[in-house]
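Go ahead and model the full structure; you've got the sequences and the hints to work with.
All residue numbers in the sequence shown are consecutive under the numbering used here, ending with 187.
One should not assume that every hint holds.
Label pairs and their calculated CB-CB ranges [unchecked claim]:
{"#": "1", "residue 1": "Asp89", "residue 2": "Asp178", "range": "51 to 59 Å"}
{"#": "2", "residue 1": "Glu67", "residue 2": "Gln157", "range": "38 to 46 Å"}
{"#": "3", "residue 1": "Gly65", "residue 2": "Val130", "range": "36 to 44 Å"}
Think of the hints as simulated: they come from the structure by calculation, not from any bench.
Model, not experiment: these values are computed from the prediction.
A virtual CB, placed ideally from N, CA and C, is assigned to each residue, including glycine.
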Amino acid sequence: MFPLAIFPLPGELVPLHIFEPRYKQLIDEVEKTDIAFGIFFNHVMNKEKLGSLVKLESVLKRYPGGESDIVVRCIDLFTMSTLFRNYKDRIYPGGDVNYWKMDQTVPVAENLVEPFKEYLRLMNISKMPVNTTLFNIANELNLDVQDKLKFVMLDDQKKNKLLMSRIKYQSHLLSEADRLKDKFHLN
Numbered sequence: 001m002f003p004l005a006i007f008p009l010p011g012e013l014v015p016l017h018i019f020e021p022r023y024k025q026l027i028d029e030v031e032k033t034d035i036a037f038g039i040f041f042n043h044v045m046n047k048e049k050l051g052s053l054v055k056l057e058s059v060l061k062r063y064p065g066g067e068s069d070i071v072v073r074c075i076d077l078f079t080m081s082t083l084f085r086n087y088k089d090r091i092y093p094g095g096d097v098n099y100w101k102m103d104q105t106v107p108v109a110e111n112l113v114e115p116f117k118e119y120l121r122l123m124n125i126s127k128m129p130v131n132t133t134l135f136n137i138a139n140e141l142n143l144d145v146q147d148k149l150k151f152v153m154l155d156d157q158k159k160n161k162l163l164m165s166r167i168k169y170q171s172h173l174l175s176e177a178d179r180l181k182d183k184f185h186l187n
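Printed below as a string of structure tokens:
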């Protein structure tokens, strides 16, 4: 278990800098055995005790002192019932968790596809994901932590509504920024 103040959603890629001895041990074990590990969202707003199950995607850099820069991908969510200071005979923390077994393939409502395409166009992204899912859109929108916590607790219909409101809001901001870019000049 890796307690951090982040809450990745399924499908989200997260860069991490590993420097503490206990997490160096965890990542060494992860690399040798290809196991997943948990990132517990360590924050006062996490009343539900949620966390993200992640798998190592790649090691970007190794440093002489044993530190490393890695990228992990969230593959599921969990609710933690107990956090242990040490996991078995390891120096890193562990926990008792219940996995959510999230379905990452849930398609979005049809009325969300066009606004999402327009949002991507405003972001200068020309390639639409092959399978547009709720989690694809949520990750693309870079929801803040409060929205992520709210998002995962909703049913699919309400998730679609939340995403639609965020797409409209962010698209409006992008449109206004584009409209105003030629009105201001540096002197």
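Hint check results:
A beta carbon spacing of about 57 Å between aspartate 89 and aspartate 178 agrees with the range 51 to 59 Å that was offered as a hint. Against the hinted window of 38 to 46 Å, the Cβ-Cβ separation of glutamate 67 and glutamine 157 comes to about 45 Å, which satisfies the hint. Restraint check, glycine 65 to valine 130: a C-beta distance of roughly 41 Å satisfies the suggested window 36 to 44 Å.
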